[in-house]
Amino acid sequence: MTSKTSPMRDWIFFVVFAIAVLTMPIWLAPIGAGYPDLLQKFMIYGLFATGFNLLFGLTGYLSFGHAAFLGVGSYSAVWTFKLLGMNPVPAAIVAVITSGIFALLIGYVSLRRSGIYFSILTLAFAQMSYNLAYSVLTPITNGETGLRVLRTDPRLFDSSNAVDGPLIANLFGIEMTGYAGFYFCAIVLLIAFFIAQRIFRSPFGIMLRAVKTNQNRMNYTGLNPRPYTLAAFVISGMYAGLAGALLCITDPLAGAERMQWTASGEVVLMTILGGAGTLLGPIFGAALIKYFENIFSAFNDQTLHEIFGFLPDFIEVPVVSVTSLFVGEGWHLTLGVLFMLIVIFLPGGLMEGFSRIGRLFKRSSGKSESRGAAAPAD
Amino acid sequence: MEILKVSGVNKAFGGLKALHDVNLAVEEGMVHAIIGPNGAGKSTLLNCFVGRLIPDTGTVMFGDTSLIGLKAHKINQAGVSRVFQTPEIFSDLTLLENVMIPTMARRDGEFALHAFKRLDRDAEIHDKSMHMLEDVGLAEKKDMIAASLSRGDKRRLELAMCLVQDPKLLLLDEPTAGMSRADTNNTIDLLKRIGDRGITKVVIEHDMHVVFSLADKVSVLAQGTVICEGKPQEIKGDPRVQEAYLGGAHL
Ligand SMILES: Nc1ncnc2c1ncn2[C@@H]1O[C@H](COP(=O)(O)OP(=O)(O)OP(=O)(O)O)[C@@H](O)[C@H]1O
Ligand SMILES: [Mg+2]
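Line by line, the protein sequences give chains A and B.
If you use our numbering, the first sequence corresponds to residues 2 to 379, in order.
If you use our numbering, the second sequence corresponds to residues 28 to 278, in order.
Treat the hints as calculated values from the structure; they're not laboratory data.
All C-beta atoms, glycine included, are put in the ideal place defined by N, C-alpha and C.
Among these hints, one or two may not hold up.
Here are a few chain A residues that face chain B, going by a calculated C-beta distance under 8 Å [what the hints assert, rightly or not]: (1) S7; (2) A125; (3) R199; (4) R202.
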């Protein structure tokens, strides 16, 4: 049976989630993830993946170009900093608007096709944006150097004009570094998560799932799938743009590499790894990937030798040379292996793993009752 | 009064003439059966009514509206619903969700951006959908995923999805194909019951038992043309019909 939804349950779920997010610095400290830089990344990429999931998880349309919106969001944010000042709120708002418009244009064209052709079209648009940012659009993007805020920029409403030191976004005087930066991102994520939760439960959300299941039946039911998919595409583009803006609050710098296809691929991995179509899955996936990236890419031969130092030399050397392929620069190899394992053994992602474990517990505690209700639903 | 009027419809697939100068008039409130051997063009004709195919020539009038060239969802919004030869349902969703979608489509139109409302707070949609599920006898299964239903239940679900929209015209392509006798009888009962609502129905059917227990009028289609028309009793004895089916075997 599918679990019944109710406003009460959703509120409890949201409050528990909010508490978990806000206390992350405490409970993630034991595994070495309790510091603001990494936590902030969890929030930003969690937001990115949550938005991606609204498109991919609900409608089944696999975009391979979402990094383009991340990039547009970053550029818009930095431009807002340059022109209006270092307050992150207007930057975020402008980023959401521009990436929404951008998504509307790309979505309008790409959604004329579905399946693999849609994916290829989005990929092509993203790579085009990436190349344009490097070449023709240099006046806007500052090409290879990347766009940054300069002391000479107008920053119309900025009170901190006179201040020396590095330029950092500040929210009415609170500088967006360290924990302040994390909490700002956490609150944005919570708002975005709340909206995503509402979309999941809304008539619009169920129409998006109908798009995924049977567009033919939708047509013969008097519904037009196209505007539904386009709306989902634009909303998820806005989420990506917002994430792009948040990437700039601690470090007000936007570069074209943010739009590259590897970044588009990463959000696909995060979503599938965590569990597409679930609310929490994409956030888990994003955190997991960023956490492992942080750990594995920090390893080098030196640290490996220390770890495997207890082994006799003739074993240690080959072990280190093999494992070194999977760490540091090569950590993507680890990611690839992890991804394959998940897709093969847990096609529903981490969330499926959790619910399997949950069911295991239920079965051992209440054996008698579960027998009859062999639900095909979950 | 005629609710559907088809005149001079031709449709060819490459060299194959699937429909050849088809004329058909469906009276409002009637059950109009279309029978004919395999490959006669029955499904093709239905496809021309719902916007899946566009006839090469000819007109299809639904009341005062021409259905030719209209998009499928517009035709549905005008009041035409269709049951397919193989049930088309939202297999990943629950039965209740399956019925809620058409219910919302009827109330809110082809697109509505209700992204912030809660569906579980929408009592109107919920109650109407539940009533419909009760009507077709699927109420206890409302939380099951549609994919797990039996063939007969899928068909009933699809019927519920069409009926909840209160269509003016309901098109049914072999509603009992592949069903057991018991399921077939259930479906006939159901179709008879909804007859009370005064919905005009066009039924394609191979099963003569179904045709004779439901239809007010029968059109026989063979090789893309209507070869004869009339009350079920008249059709039964017509030599042309027996000729078309198996070259003269008895119905
Ligand atoms: N899309 C298509 N492309 C090419 N030929 C088609 C197409 N659809 C139908 N046909 C052909 O048109 C003819 C009529 O097919 P149709 O499906 O309308 O028959 P039918 O009367 O519904 O038969 P059945 O009782 O088997 O469902 C058949 O010869 C079929 O092969
Ligand atoms: Mg057919």
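So, going through the hints one by one against the coordinates:
no.	hint	in the structure
1	S7	6 Å, holds
2	A125	27 Å, violated
3	R199	5 Å, holds
4	R202	5 Å, holds
In the structure shown, a violation is registered for the earlier hint numbered 2 alone.
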